[in-house]
Every structure is written in C-alpha cells, then in structure tokens.
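With the first letter of the sequence shown counted as 1, position 503 gets the number 502 in numbering that gives the first Met the number 0; the numbers rise by one all the way through.
Honestly, the hints are just simulated from the structure, not real lab data. We put the beta carbon where it would ideally sit given N, CA and C, even for glycine. Keep in mind that the hints are not guaranteed to be accurate.
With a straight-line cut-off of 20 Å between C-alpha atoms, the simulated DMTMM-like cross-links for lysine to aspartate or glutamate are [stated by the list, open to error]:
id, residue 1, residue 2
1, Lys434, Glu382
2, Lys290, Glu244
3, Lys552, Glu356
4, Lys450, Glu342
5, Lys66, Asp193
6, Lys450, Glu502
7, Lys335, Glu306
8, Lys540, Asp594
9, Lys434, Glu376
10, Lys12, Glu250
11, Lys334, Glu48
12, Lys163, Glu244
13, Lys463, Glu619
14, Lys334, Glu385
15, Lys190, Asp220
16, Lys438, Asp343
17, Lys631, Glu529
18, Lys290, Glu241
19, Lys552, Glu529
20, Lys641, Glu342
21, Lys388, Glu619
22, Lys335, Glu141
23, Lys434, Glu557
24, Lys252, Asp219
25, Lys565, Asp594
Here are the in silico distance ranges between beta carbons for each label pair [said to hold, decoys possible]:
id, residue 1, residue 2, range
26, Glu96, Thr461, 52 to 60 Å
27, Gly468, Ile381, 20 to 28 Å
28, Thr590, Gln445, 54 to 62 Å
29, Leu383, Pro481, 38 to 46 Å
30, Glu306, Lys252, 49 to 57 Å
31, Leu379, Asn577, 48 to 56 Å
32, Glu385, Asp546, 35 to 43 Å
33, Asn577, Asn506, 26 to 34 Å
34, Leu383, Lys252, 28 to 36 Å
35, Thr314, Asn531, 32 to 40 Å
36, Asn506, Glu574, 19 to 27 Å
37, Glu211, Glu96, 43 to 51 Å
38, Gln92, Gln542, 44 to 52 Å
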Amino acid sequence: MSTTYLRLLQPGKIGNIEIPNRIIKAPQSTGLSNVDGSVSERLIRHYRELARGGTGLIIVEYAYIDKIASKSAHCQLGISDNEHISGLAWLAQNIREEGCRAAIQIEHCGSQKLLGTPPIKAASAVTWPLLYRRMGADAVPEPLTIPEIEAIIKAFGDAALRAKTAGFELVEIHGAHGYLITNFLSPHTNKRHDIYGGPLENRMRLLIQVYESVRRNVGDDFPVSVRLSGTDYEPDGFGIEETIEVCKVLESKGINAIHVSGGDNQQLIHQISPMAIPVGHNVWAAEAIKKAVRVPVIASGSITTPELAADILATEKADFIGLGRPLWADQHWVKKLREDRPEDIRPCIRCNEGCLERSFFKFRAVTCAVNPTVGREGELEIELAEIRKNIAIVGGGPAGMEAARVCAIRGHEVTLYEKRRLGGSLLGALVPRFKSDIKPFLNYLQTQILKLNVRIIEAEATIKVLQNGGFDTVIIATGTTPVELNVAGIDKPFVYNVSQVLENGINVGKKVIVVGGGIAGIEAALWLDEHNKEVVVVEMKNQIMMDCTETDKTALSEKLAISQIKVYTGNKLEEIVNDGIIVRQNEETFTISGDTVVLAVGHQPVQELTEKLRKKTKLEVYTIGDCVNPGKIFDAIHTAYKTARRI
C-alpha cells in the first residue's frame with residue numbers, strides 16, 4: 000500500500016471510543032425513514048452497506064428531537080419519543096455488527112422547515128428566503144419564547160439519552176447549516192433583545208445549554224460532538240473568530256469533538272458545494288479551529304479524493320475526515336483504499352443531482368448520479384448472469400462505458416465500439432477549469448473497463464459489423480447531435496456548436512456570441528471569459544440556467560457577476576450575419592456584433608442505427624443514455640446500469 004494513505008487508515012479516539020480509521024460518514028438526509036420518523040428496512044440496508052464498506056464511524060443523519068416544530072422534512076428520522084428507540088437500536092446494531100462505530104446527530108430545524116407546515120419556530124422572525132419564495136408570509140418563523148426554549152433544551156437532552164439507550168456510541172448536536180442552533184448563533188438570523196440575543200455570550204447560550212442538557216443525560220464518559228459552520232458566509236453573520244470562541248467554551252465544558260462544516264440555509268454552495276466551488280472548501284475553518292482547541296477536529300465538505308484527505312491529516316489541519324457525498328458515490332471507499340485499490344474508488348462529481356436535489360428539494364429518497372445503488376441497497380446489486388452473452392456496445396460515452404462495466408461484471412463478453420475517443424459528452428464537460436471533478440470520473444470508467452478486459456474497438460459500428468460479429472445483444476449508446484437551427488447564416492464558417500469549441504479547442508475570435516443561456520452555454524461563456532474573450536450570451540427565454548441544480552445556478556451566477564460577460568435574455572436569434580447576429584426582442588430587431596458564434600441550444604438523440612438494427616436484424620437491441628432522451632450524467636449512468644444488470 001502507498002504510504003500516502005496510511006494515516007487515513009490508522010485508528011483514532013474521540014472521547015473514550017477508538018475509531019478503526021480516520022474516515023467518518025458525515026450525517027446527511029436520506030429520506031429513507033418511514034413517514035412517522037421510524038427506522039425502515041431500507042434505511043437499515045443503506046447504513047449497513049456503508050458500514051460494510053469500512054467506514055470508521057457513521058454519524059447517522061439528523062434526527063428530529065420533538066413533535067412540535069423540530070422536524071424538517073418528509074421521511075426524516077425521528078428520535079422524539081421512546082417509541083423510536085427499538086428501531087434506532089436495530090439501526091445501531093446493524094452498523095456495529097460490521098465493525099463500524101455508530102453515532103447519531105440530533106437536530107431542531109428552526110427556520111429551515113422544508114415541510115412548510117406550521118409552526119415554524121426560530122430565534123427571530125427572519126425568513127429562509129427559499130422557503131419564503133414557496134410559501135410567502137407563512138414561511139416567517141415565530142420567535143421562540145423562553146418557556147419554549149427551555150422545552151427544546153430538555154428535548155435535546157432526552158433525545159441524547161434515547162440515542163445512548165439505543166446503542167449509539169456518540170451523539171452529535173447539529174449546530175450548523177442554518178438549523179435552529181445556527182439561527183441563534185448568527186447575528187444574521189438572531190435579532191433578539193433578551194438573554195439569547197445580542198453579544199456572542201448570549202447568542203451561544205442556547206448551544207451551551209443544549210450541550211449541558213445532553214451531557215447531564217448521557218454522563219461524563221459518553222462521547223458528544225457538535226457540528227458547527229466555521230462561518231455561515233453571510234455578510235452580517237457568524238464568522239470564524241466567533242466560532243473559535245464558541246469552540247473554546249465547549250471544550251472547557253467537556254465536548255469531545257468539533258465537526259467543522261460551513262454555510263447556512265441560504266449559502267448552500269458553501270455547505271454542499273457544487274463542482275464550480277474548489278474542493279476542500281471548508282478545510283481552512285477546521286484548520287483554524289484545530290489550532291485553537293485540543294479536542295479532535297473533524298474536517299468535512301468536498302473532500303473528494305483520498306489524496307486530499309491524506310494531505311489534510313498530514314498537514315495537521317484536522318484529526319478526522321468527514322465524508323458525505325463521496326461515501327454515497329462509493330460506499331466501499333475505505334475498503335478499496337485498505338485493499339490498495341484507490342483507482343477503483345468511484346469518485347463523487349459534486350453534481351448534487353441525486354442527493355441534494357432529490358432529498359432536499361423534491362422530498363424523494365436519496366440516490367447518487369454515479370452510483371444507482373444508493374438508497375436501493377439490496378435491490379440493485381450486480382449478479383452473475385445465468386446465460387453468458389456476447390454483447391456489443393456502440394458508443395463510448397458515460398452510458399456506454401457504464402453498461403460495459405456492468406455487463407462485464409455479470410460475466411458477459413463485451414466489445415465496445417467508439418469511433419472517436421472514449422468519453423463522449425464528458426470530453427467537453429471536463430474542459431472548463433471549474434468542472435475538474437469530471438476528469439476523475441472519466442478516468443474511473445476507463446480504468447474499470449480496461450481492468451474488466453472489455454474489448455475496445457476504435458471504429459464505427461456499422462450494421463454489417465454488428466450482424467457479422469457473432470453478437471447476441473447490442474446496446475446502443477450513440478448519444479446526441481446538436482439541434483439544427485433553421486436560421487439564415489447557420490452555415491457560415493465562424494459558427495460552431497459548443498461541443499466543437501470545448502472538445503476540439505477551436506480557435507475562436509476575440510468577440511464571441513454564445514447563443515443559448517442554459518447551463519451548457521453559461522459554462523462555455525465562463526470558460527471563454529477566462530480565456531480573455533469578449534463574450535455575449537443570448538437567451539430566448541427570460542431567465543438563464545433553468546436546466547440546472549440550485550447550487551450550480553448560485554455558484555455560476557456568482558462567477559457571472561464578476562466576469563465581463565454580457566447576458567441578454569428574451570432575445571430570439573433571427574439571423575447570423577457576417578459581423579454577428581440579428582436578434583428579435585418583442586417586435587424590435589437589433590444586431591449584436593461578434594467574430595464567432597457558438598451555439599448551445601440543445602441536443603437531439605442519435606437513433607438512426609437503432610432503427611436500422613431493429614428493422615434489418617434479429618439482434619436483441621437496447622438503448623441507453625442520451626440516444627433515448629438527452630439528459631445529464633445521472634440519466635446516462637442510471638439507464639446504463641439498470642439496463643445492463645438485467646441482460
């Protein structure tokens with residue numbers, strides 16, 4: 000094994016418990032509990048698989064502490080009364096049986112009540128903007144009274160005792176990310192004028208009293224951690240200096256570990272960072288806190304690779320590594336590292352499509368764009384096929400490579416045809432500097448099919464080749480082609496589609512017009528801006544980036560705001576002329592000048608080969624990925640995986 004990773008696999012202690020290695024599963028909402036907050040079988044399967052993958056400590060997702068106003072989301076785990084204990088004990092036992100330490104996070108949602116149902120209780124009547132856009136005045140929280148605060152403090156203590164009774168070995172207090180304790184800590188959301196508002200001593204009072212309540216109930220020898228945002232990233236909010244002061248007070252009172260994250264409910268890009276935000280985004284805060292306290296510090300947030308995790312420990316920025324999304328991308332992250340197979344770790348691409356968008360915004364059970372088994376553990380495993388087949392896969396993009404991987408694991412003989420380079424749509428997607436998470440995923444797919452002895456043929460798969468190749472089955476993953484616009488001047492030599500520009504490095508002119516304000520067009524525009532081009536984006540609709548996640552839109556909007564890019568919405572392309580384009584806005588037309596026109600107006604599926612095969616041959620034919628319906632990496636991987644595992 001490489002010495003680089005040795006420290007990640009060394010045991011460490013939090014309080015009086017020894018953790019087998021330095022990797023901790025950070026708590027994340029799954030939406031896998033029953034509606035009443037009780038533990039479900041699928042929640043058990045989910046956490047058991049994570050434990051089986053070698054993680055040292057699993058901190059089970061946030062559990063609501065009372066039945067009044069602490070529950071945030073549908074199918075959220077509950078720890079609000081003694082009826083929950085038996086299910087929680089079942090969960091803790093399943094985690095421990097795999098040699099993993101079991102912990103649970105306890106929480107009150109405060110203003111971040113995704114359910115949107117009254118009552119919404121917080122420090123002050125400061126609304127979460129996202130919820131306000133959905134609900135209007137109903138989203139304005141009611142400021143908590145002193146008796147209500149005292150009841151919440153008691154509820155935290157009672158919840159902690161239930162966790163201990165259920166067999167969890169550590170309890171974590173959720174004091175980060177815009178939930179109730181953050182509502183009190185941050186002056187951005189705390190406008191109170193009593194003993195819980197104003198100076199830091201008052202704003203931290205709730206957290207300290209919650210901790211003291213927890214400690215009284217679990218005893219001095221039971222490990223307790225707290226999760227804090229190093230900063231909430233609000234201009235008038237809670238900064239690192241105040242966080243350090245809070246940590247010092249907690250340390251003096253016996254806290255066993257500090258778990259450092261970042262952001263609040265309005266600053267999701269700092270909490271669950273998309274790929275446009277640098278990796279290890281909040282490690283600086285963990286480092287600052289570690290320098291100020293002696294208790295173990297857990298760093299978390301976009302720590303995407305073993306190399307980054309190892310460096311954080313080697314440079315003493317933290318004592319443990321909290322992984323959230325990476326352990327969904329690959330539940331066996333630690334096991335593969337221990338077996339000296341880091342190249343087999345399926346990397347998280349920080350797209351937030353399967354996790355944040357589904358569980359946080361759509362109230363659906365969690366999954367992962369690159370790992371369809373997440374949330375469906377025990378249902379979608381790959382098994383050896385009863386009948387071994389000779390399979391041809393046409394197209395070496397993400398869908399084609401994933402299908403090849405799964406078919407090969409099932410024992411089939413697999414031949415992959417790709418007339419260009421392996422990668423497909425990923426080749427253009429990974430070009431912008433702020434899309435660097437794509438490259439490791441492409442490397443992973445390429446590595447897996449090579450290790451599985453998939454035969455790769457760099458040639459076009461014609462009807463004749465497929466008919467005469469001795470194949471039983473053909474999987475078509477031919478992707479898309481750019482939508483052809485019926486616009487005068489479309490054939491001019493300075494007009495390119497966005498894929499040509501990104502993949503082929505075409506030398507565009509100084510003044511570039513990007514037609515299309517979806518995520519593909521905006522990413523291309525930002526990349527061109529970084530290369531010192533004068534860029535104009537023209538979008539027919541009244542808004543841009545309507546096809547991307549909330550976090551991507553926020554992060555890219557921030558980049559747009561500091562760029563030199565001009566954006567024109569509500570403008571329809573009418574004609575391409577020698578010195579630019581003519582657009583129409585309402586009843587008026589005007590010219591936008593430019594040297595190069597880049598089209599980012601969408602793609603259409605390539606289905607010609609599929610139709611011919613079905614008409615002219617008796618081969619078993621399947622279609623996957625963009626050639627069925629143009630989509631995202633999520634769609635490509637999921638259709639490929641689910642199709643291949645049943646062949």
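Proposed proximity, Glu306 with Lys335 (alpha carbon, max 20 Å) = Distance of about 14 Å is within 20 Å: holds.
Given the hinted pair Lys190 and Asp220, is their alpha-carbon gap at most 20 Å?
-> Not satisfied, since the Cα-Cα distance of roughly 36 Å exceeds 20 Å.
Take the C-alpha atoms of Lys252 and Asp219, compute the straight-line distance between them, and say whether it is at most 20 Å.
-> This hinted pair holds, its Cα atoms lying about 10 Å apart.
Do the alpha carbons of Lys552 and Glu529 lie within 20 Å of each other, as the hint requires?
-> Cα-Cα ~18 Å, so holds.
Is the straight-line distance between the alpha-carbon of Lys388 and that of Glu619 20 Å or less?
-> holds (11 Å)
When you check the alpha-carbon spacing of Lys641 and Glu342, does it fall within 20 Å?
-> violated (23 Å)
Are the Cα positions of Lys450 and Glu342 separated by 20 Å at most?
-> holds (10 Å)
Keeping to a limit of 20 Å between CA atoms, is the pair of Lys434 and Glu557 held or broken?
-> holds (15 Å)
Regarding the pair Lys290 and Glu241, is the alpha-carbon distance no greater than 20 Å?
-> The given pair, whose Cα atoms are some 14 Å apart, holds under the 20 Å limit.
Taking the CB of Glu385 and the CB of Asp546, does the distance hold inside 35 to 43 Å?
-> Since the Cβ atoms of Glu385 and Asp546 sit about 41 Å apart, the hinted range of 35 to 43 Å holds.
Holds or violated: Lys290 with Glu244, Cα cutoff 20 Å?
-> Measuring from Cα to Cα gives roughly 12 Å; hence the hint holds.
Restraint check for Lys438 with Asp343, where alpha carbons must lie at most 20 Å apart = The hint holds at about 14 Å.
Of the hints listed earlier, those the structure fails to meet are numbers 1, 5, 6, 8, 9, 12, 14, 15, 17, 20, 22, 28, 30, 33, 34 and 37, in rising order.
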